[in-house]
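K.L.:
Okay, here's what each chain looks like letter by letter:
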Amino acid sequence: MDKMKDIEWAKINKDVLGSLESPRMIFWVVLAVCSLLVAAGVAAEAYQYNEGLGVALMNRPHFWQLYISNFIFWIGMSHSGTLLSAVLLLTNADWRKPIYRFAEAMTLFSILTAAFFPVIHLGRVWNLYWVMPYPNERTIWPNFRSPLLWDASAIFTYATSSALFLYIGMIPDLAICRDNAKGWRKKLYSMLSLGWMGRAREWLAFRKTYVLMGCFLVPLAVSVHSIVASDFAMSIMPDWHITSFPPYFVAGALYSGCAAIITLFVMLRYIFKFEEYMTVDIMDKIAKLTFAIAMVWNFLNFSEYASIWYSNDMYEKEVLIQKLIGPYWPVVWGMLLCSTVAPFAMAFEKFRQNMWAMFVLSIIIQLGMWLERFQIVSPPLASNHEPWTWAVVWPGTVQMTITAASFGWFTMLFLIFCKVFPSVSMYEVKELVFHHRRVSARSEIEDLDKEKEEALRAQEGVA
Amino acid sequence: MRKKNLKFLFALYEDFDRARDAVAELKILDLKETAVEDIELYSPIEHPEVEEILGEIHQPIQRFTFFGAITGAICAFLLVAAAAQSMFTVQPQGGKAVIPIPADLVITYEGTILFGVWITLLGFFVYSGIPRRLTRLYSRKVSEDQIGIEVQVTPEHADAVRSTLEKSGALEIREV
Amino acid sequence: MALKRMLENWSDFRKDDYYDDTPYMWGMAIDLNNCIGCGACVTACYAENNLPVVGKEHYSRGHAMHWMRIERYWDDPDGNTDVDIAGKPDIPFDGHHDNSNDPDAVTFPERGAHYIPMMCQQCNHAPCEPVCPVAATYHSPDGLNTQVYNRCVGSRYCGNNCPYKVRYFNFFNFWEDLPHPLEMQLNPDLSVRDKGVMEKCTFCVQRQRAAKDAAEDAGHPDYVEDGAVQTACQQGCPTQAIAFGNLRDPNSEVSKLWREHQVKLNHYEQEKDEDIRGYRVLEDLNIEPSVMYMDRVRDTEA
Numbered sequence: 001m002d003k004m005k006d007i008e009w010a011k012i013n014k015d016v017l018g019s020l021e022s023p024r025m026i027f028w029v030v031l032a033v034c035s036l037l038v039a040a041g042v043a044a045e046a047y048q049y050n051e052g053l054g055v056a057l058m059n060r061p062h063f064w065q066l067y068i069s070n071f072i073f074w075i076g077m078s079h080s081g082t083l084l085s086a087v088l089l090l091t092n093a094d095w096r097k098p099i100y101r102f103a104e105a106m107t108l109f110s111i112l113t114a115a116f117f118p119v120i121h122l123g124r125v126w127n128l129y130w131v132m133p134y135p136n137e138r139t140i141w142p143n144f145r146s147p148l149l150w151d152a153s154a155i156f157t158y159a160t161s162s163a164l165f166l167y168i169g170m171i172p173d174l175a176i177c178r179d180n181a182k183g184w185r186k187k188l189y190s191m192l193s194l195g196w197m198g199r200a201r202e203w204l205a206f207r208k209t210y211v212l213m214g215c216f217l218v219p220l221a222v223s224v225h226s227i228v229a230s231d232f233a234m235s236i237m238p239d240w241h242i243t244s245f246p247p248y249f250v251a252g253a254l255y256s257g258c259a260a261i262i263t264l265f266v267m268l269r270y271i272f273k274f275e276e277y278m279t280v281d282i283m284d285k286i287a288k289l290t291f292a293i294a295m296v297w298n299f300l301n302f303s304e305y306a307s308i309w310y311s312n313d314m315y316e317k318e319v320l321i322q323k324l325i326g327p328y329w330p331v332v333w334g335m336l337l338c339s340t341v342a343p344f345a346m347a348f349e350k351f352r353q354n355m356w357a358m359f360v361l362s363i364i365i366q367l368g369m370w371l372e373r374f375q376i377v378s379p380p381l382a383s384n385h386e387p388w389t390w391a392v393v394w395p396g397t398v399q400m401t402i403t404a405a406s407f408g409w410f411t412m413l414f415l416i417f418c419k420v421f422p423s424v425s426m427y428e429v430k431e432l433v434f435h436h437r438r439v440s441a442r443s444e445i446e447d448l449d450k451e452k453e454e455a456l457r458a459q460e461g462v463a
Numbered sequence: 464m465r466k467k468n469l470k471f472l473f474a475l476y477e478d479f480d481r482a483r484d485a486v487a488e489l490k491i492l493d494l495k496e497t498a499v500e501d502i503e504l505y506s507p508i509e510h511p512e513v514e515e516i517l518g519e520i521h522q523p524i525q526r527f528t529f530f531g532a533i534t535g536a537i538c539a540f541l542l543v544a545a546a547a548q549s550m551f552t553v554q555p556q557g558g559k560a561v562i563p564i565p566a567d568l569v570i571t572y573e574g575t576i577l578f579g580v581w582i583t584l585l586g587f588f589v590y591s592g593i594p595r596r597l598t599r600l601y602s603r604k605v606s607e608d609q610i611g612i613e614v615q616v617t618p619e620h621a622d623a624v625r626s627t628l629e630k631s632g633a634l635e636i637r638e639v
Numbered sequence: 640m641a642l643k644r645m646l647e648n649w650s651d652f653r654k655d656d657y658y659d660d661t662p663y664m665w666g667m668a669i670d671l672n673n674c675i676g677c678g679a680c681v682t683a684c685y686a687e688n689n690l691p692v693v694g695k696e697h698y699s700r701g702h703a704m705h706w707m708r709i710e711r712y713w714d715d716p717d718g719n720t721d722v723d724i725a726g727k728p729d730i731p732f733d734g735h736h737d738n739s740n741d742p743d744a745v746t747f748p749e750r751g752a753h754y755i756p757m758m759c760q761q762c763n764h765a766p767c768e769p770v771c772p773v774a775a776t777y778h779s780p781d782g783l784n785t786q787v788y789n790r791c792v793g794s795r796y797c798g799n800n801c802p803y804k805v806r807y808f809n810f811f812n813f814w815e816d817l818p819h820p821l822e823m824q825l826n827p828d829l830s831v832r833d834k835g836v837m838e839k840c841t842f843c844v845q846r847q848r849a850a851k852d853a854a855e856d857a858g859h860p861d862y863v864e865d866g867a868v869q870t871a872c873q874q875g876c877p878t879q880a881i882a883f884g885n886l887r888d889p890n891s892e893v894s895k896l897w898r899e900h901q902v903k904l905n906h907y908e909q910e911k912d913e914d915i916r917g918y919r920v921l922e923d924l925n926i927e928p929s930v931m932y933m934d935r936v937r938d939t940e941a
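Heads up: the protein sequence lines correspond to chains A, B and C, in order.
Sequential numbering of the first sequence, starting at 1, is according to the numbering used here.
Sequential numbering of the second sequence, starting at 464, is according to the numbering used here.
Sequential numbering of the third sequence, starting at 640, is according to the numbering used here.
The following block holds chain A by itself, in its conformation from the complex (with noise of 0.2 Å):
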């Protein structure tokens, strides 16, 4: 297997400062096409603004249909990074190191493609402050019992947590990047990097720090994604409340984020040459805890299932027949296909090793679990408790417009920050080398103890 070699430490810097300058051509490729998918997703919002929601292809009783089912995969995804970091960093694993960094920037930009959803939603954009509590005259204040403002808090609260969890993170990466840049990076990184120059309360701080707000994002991300599941288990409508959401929720939100962390990884890897640092080991390793973490997911879905049948209540039992046979069969089998079957590849461990196979594999794992997002909003609308009112509707072209977009424009926000900043953590694949050789001396001394010994039974032998 491919092990992390003892690599320099100078090498290391230059390695990951040099993705900050030449990665390859296929960079300017995707970025190019990132932003224009974001220009059409301006072009179809600025029409659905003029002309109002109607454009959208909603309808009643399909309120809510792409974007509320895009916030939940957006929200989703950002769980695995920061929530995976965070355990992996109070458990002090190891291979933690080398992805983290890319893994949290994944989550910081996947919230803030998610919080524009909420925003493209409502019916009337130009009032959105009135969510937000702030003392006025007229004394009005938003409603707190509603769970869209339990999501804007909990939004709220892991948007800015988990930047400063990146961002604190990152410091001593600044200071490396201060000392070698030059120009407008220079200004940029010496005001980011705040004076650290790796003195030891610096460092000792730094740890102490990092390992407090570690304890409180992992409740944090797990509270998130329950928070958007009570938008729909707190609701009356069939299928939407079911008390095993949350967690069904927050596994879902595990499930697509290390997805998109494997896709990311292999991305990363190729257009920026990181062979030496993601090593196959490390993706044998995420491989695995996706396979878990899909196995998870699996269950409680059919356990939900299982319960719904079991429990014979008329309307929940009717939304489930409607979804497994019903007009939205291609979406929930598609999921069933892709979430489910799929990733029983991952049991093999030549499969765990291809990269390619992996970044194909978790692709159509993110395509399963926006489908699985898909068929969580639109389905029980379609066949809800008043049958009069029973519809299908698909989403048009100004919703899948506006979803290509966020796709764009999470992807250029990603391309943009690992241009920018270091994508891979070197101090703390510099602590992993230093680890590396502390262990692998103390074997080598181990070893000629050993030596010595058997040289002097050797000789007593003889004697």
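In case anyone wonders, no lab produced these hints; they're calculated from the structure.
Remember, it's a predicted structure, so these values are computed and weren't measured experimentally.
Careful: at least some of the hints might be erroneous.
[As the list claims (entries may be wrong)] With beta-carbon atoms standing in for the labels, derived distance ranges:
1) P330/A / S699/C: 15 to 25 Å
2) V119/A / Y907/C: 49 to 59 Å
3) I416/A / S699/C: 24 to 34 Å
4) D480/B / Y129/A: 54 to 64 Å
5) E864/C / K317/A: 23 to 33 Å
6) C538/B / E349/A: 49 to 59 Å
Built from N, CA and C at the ideal position, the CB exists for glycine as well.
Since the structure of chain A is provided, determine the placement of chains B and C on it from the hints.
P.N.:
Frame of chain A; chains B and C shown alone:
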């Protein structure tokens, strides 16, 4: 803190073990002549054992976290409870209480974490001494792969300290 | 100070039914035996409440704005050819021939139509209320489920959470489509709604307001006589299937009907004698609707 009449010496070492030896030597020197006012260690990675050499560094950041989290919980609960009843007209909704505890707890939870994180960060800035300007002696080698030792000495002992640093294998010595 | 007021009234703010002792609780009773599904109530509602007529295209996309609608359900969706109406031969409708002028032909087979006029049920435990992020919908002391158009930002959560799906969203600026002289026929007692705003049946709150003002002028400010408020749908109904009034007034017509049909507030399962027709739609969700329906009785053996 900084007295005008102090001298600063900055030595670079190849690895942490040599730097540790150098600090030990300085300590021995200090016992004899009380030459060294303060030692600061610069490193490219974290060395948790640094406290064994430099002495304990007191940084109670977790207290910031604790009180930050409690403040957050109280503020968030007061915000939502007070907002619910201070509407221009009290708004009962859905047959539920005007101040619903289960709903308010969710916001309280988030407020706890939000304040906890922010105030922990405040603690970080207080105890780490950043943001600050770079010292004049700072070398970019430190952010690459070498360990730096900064020693504050009284001018009359500067030479003794300097030779100690050199003896313990310094790659480079700067002086201000 | 907000905090002082909160602590002083803490027990008040913690109790579940805040408006237990107010003088009004508007309610309705609809007799489905009388309902012939003519749609006069729908038309009356359009006229009274400035509802936009969206047109065929928007209607087919589900953008209709009828606060009141007649839902039609069939006993036998495909038609039952065994039912022989007045001895006339049953000619199945084939869609090509217009048989309406043939006195001997029955154009359509008996399919057992049921009509339910469906409008906002003004639930006392309304699921739409607590989910609004900006508190644009709340419960009024009259037991109404109010919608504050000015405050609405259009998150549409209320629409999703309404089990009857009787909340209507302005997907477009429909009032702009009104051709010139027609804006003169709008009801001046209430506004037209802009795009991005949720709206729904108000139990003709503008008429309630007028009746309360009249009562005040007549010298009894806290008492509106039964029958002084008529909703537009009630007024328009040719068979008088709809009764409307104050449920807190034990002598009002609607209170009498509720008692007679043994439907009680604050119960999600009613204890009823046999052959009692009263029920509330989706009562088992414990949402306390304020509209009682009286089931249609059919003579199935004729």
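K.L.:
Decide, hint by hint, whether the structure agrees.
P.N.:
Going through the hints against the structure:
{"no.": "1", "hint": "P330/A / S699/C: 15 to 25 Å", "verdict": "holds, 23 Å"}
{"no.": "2", "hint": "V119/A / Y907/C: 49 to 59 Å", "verdict": "violated, 38 Å"}
{"no.": "3", "hint": "I416/A / S699/C: 24 to 34 Å", "verdict": "violated, 44 Å"}
{"no.": "4", "hint": "D480/B / Y129/A: 54 to 64 Å", "verdict": "holds, 58 Å"}
{"no.": "5", "hint": "E864/C / K317/A: 23 to 33 Å", "verdict": "violated, 48 Å"}
{"no.": "6", "hint": "C538/B / E349/A: 49 to 59 Å", "verdict": "holds, 52 Å"}
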